[in-house]
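Trainee: Read top to bottom, the protein sequences are chains L and D.
So the mapping is simple: my numbering equals the position in the first sequence, first residue as 1, plus 1.
So the mapping is simple: my numbering equals the position in the second sequence, first residue as 1, plus 1.
Be careful, since some hints might not be right.
Same chains, same label: a pair holds when it works inside one copy or across any pair of copies.
To be verified - Here are the computed lysine-lysine pairs in the DSS-like style, where the Cα-Cα straight-line distance is at most 30 Å:
1. 32 to 289
2. 290 to 143
3. 32 to 248
4. 222 to 298
5. 309 to 289
6. 244 to 32
7. 146 to 244
8. 146 to 248
9. 244 to 222
In short, the hints are calculated from the structure, not lab data.
There are 2 protein chains.
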Amino acid sequence: MTALQHLPSLRRVAVCGGTHGNEMSGVYLVKYWLRNPSELQRGTFCATPFLGNPQAVEQCVRYIGTDLNRTFIADILNSKDSDTYECQRAQEVNQAFGPKGSLDAYDFMIDLHNTTANMGCCFIVPSEQSLLSVHMCNYIQKQSKRRHCPVLFYQQPGEETYPIASVAKAGLAIEMGPQPQGVARAEILAEMRSTVAHALDFIELFNKGTLFPSFESEAYKFTGSVDFPRDPTGEISAVVHPKLQDKDFHPLQPGHPIFQTLDGEDILYESDNITYPVFINEAAYYEKKAAFLKTEKKTLSQPALQKKF
Amino acid sequence: MTALQHLPSLRRVAVCGGTHGNEMSGVYLVKYWLRNPSELQRGTFCATPFLGNPQAVEQCVRYIGTDLNRTFIADILNSKDSDTYECQRAQEVNQAFGPKGSLDAYDFMIDLHNTTANMGCCFIVPSEQSLLSVHMCNYIQKQSKRRHCPVLFYQQPGEETYPIASVAKAGLAIEMGPQPQGVARAEILAEMRSTVAHALDFIELFNKGTLFPSFESEAYKFTGSVDFPRDPTGEISAVVHPKLQDKDFHPLQPGHPIFQTLDGEDILYESDNITYPVFINEAAYYEKKAAFLKTEKKTLSQPALQKKF
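The following block holds chain L by itself, in its conformation from the complex (with noise of 0.2 Å):
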């Protein structure tokens, strides 16, 4: 175990929703927050609510030309030509956030989501070197009503981040669900609202020098993902199948069935290992053809943090 790590305190920090501009629960509270900022005050810092993507809320859909999240890379964010809206946004983004890397870019970023799929309270941060994010979830997860909160670290080794909260220096993605797209669930709008409320207080209590003691948890690391059946044309043959259906963060193991056709045929998966499906039946993966995502669950340490006086 790593000693007491030190990190400089957070002054600048962004609330972001509408990053898709169907998933409603960031889209209602970012457009109430700015009109009403206060409950985003505390007494070190005053987070800035603000829509990511405000072309797709208006139009309530996931996105107009190109997914957002998917932009935040240097040859898009460098790039003199802006192909779509999205990469015209995500310049803009940069440059009110960012510049991502550099030291004038905000000190953390909160990115609200929501998903079809059964996903509960989800955190998704880069990686296990997210010390200051994983802090946080960890903090959340103590505070929620909630048994399982579970975080995924979504980079691959060598990737580059390319998410919204990337501009800032650290940052993270609440994920929540089974909310449909275009569609504003009040027990999800409230839980979304708590667990933001619980991230500001991590970071006030972080700001006052509160000693966050070295924790060991698990977590679950993307490791790729499943298509659904396709026949020749490309046309999907299968559906998830009911027993996977709502069964994130679940073991599946290998030989367990995954999809069932409509000829009646269970698919199995196949694998040697197990994996812990997340995503299952995401209506916005359909098209980037991924029925579900698999993950490894792993246990991992955190040193100590405190803030750097």
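Mind docking chain D on chain L? Use the hints.
Mentor: Showing chain D alone in chain L's frame:
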């Protein structure tokens, strides 16, 4: 009670999916049946499957320019100009399965829909004058494993019928939920499929001369819609109350909460009468300014029905 009614046998039957391109049960089933039509075969007829809105299916959206399921009215069907893709498509469908109101029209059309609301398996029929459709619903209700498969009458007094099924001489829409837009859930797909099978079995029995006895049953009649509360700029300012969410077809008493503002205030149902809300928090109805539709419950007496020999 009226005496036994006689109607001609039904030879030309159509089953439509994808009238809304992101309602996936019907899209998947119709695509399957177009390749494997044997399931739609009975002794006295073979139902014709078709996609209502192929371009919307292709793009996985509800519609391209306008809601197809509102376009089957004389003004649009007889117009020389087609303002939108859907107006043109309505004319094509009318040519293939109508013309609406003529002797040449198909005898029956079943139209397959999903909703994000907790509607279960619901049948939508113009009115209690839709004798054949109401008998079909009564038959399916008796075959179904579900305790409650409500019948909903949508037609207002003096109103022209407008949905796609109105092109045929008789028809009904099967509305199943909850299911997010753009997602196919295995259990809903299976129930939609068995419901269509029961509908076709009913037609087969009818064609073979079965006498369907008179019956009394309850049904729900559309009476109006309730919009979300909005701020002076027109923005939605409250969400469906957790006590109303998912309570489709449950009695809603005056004075009970229907919305919750983001300020935490409950908004109550103001009326002199109980209503039976349906399509509560349906994603596609936000733009139609309907947080839910109101219905009244009524008992209907239907005369016996038999084929005209």
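Trainee: The structure should be examined with respect to each hint, and the outcome stated for every one.
Mentor: How the hints compare with the structure:
Taking CA atoms no more than 30 Å apart as the test, residue 32 paired with residue 289 passes in both settings, with 29 Å inside one copy and 21 Å between copies. In this assembly of identical chains, the alpha carbons of residue 290 and residue 143 never lie at most 30 Å apart, being 35 Å within a copy and 40 Å across copies at closest. For a Cα distance limit of 30 Å, the shortest separation of residue 32 from residue 248 across copies, 27 Å, qualifies, whereas the shortest one inside one copy, 32 Å, does not. Taking identical chains as interchangeable, the C-alpha atoms of residue 222 and residue 298 lie at most 30 Å apart only when both belong to the same chain, with a minimum of 6 Å there against 52 Å between chains.
Taking identical chains as interchangeable, the C-alpha atoms of residue 309 and residue 289 are never at most 30 Å apart, the minima being 42 Å within one chain and 53 Å between chains. For the homomeric pair residue 244 and residue 32, the shortest alpha-carbon distance between copies (24 Å) is at most 30 Å, but the shortest distance inside one copy (38 Å) is not. Within a single copy, residue 146 and residue 244 get their C-alpha atoms as close as 27 Å, and across copies as close as 20 Å, so both meet the 30 Å cut-off. Taking CA atoms no more than 30 Å apart as the test, residue 146 paired with residue 248 passes in both settings, with 20 Å inside one copy and 25 Å between copies.
In the homo-oligomer, the alpha carbons of residue 244 and residue 222 lie at most 30 Å apart inside one protomer (23 Å), although the nearest pairing across protomers, at 37 Å, exceeds that limit.
Going down the numbered hints, you'll see the structure goes against 2, 5, while the others check out.
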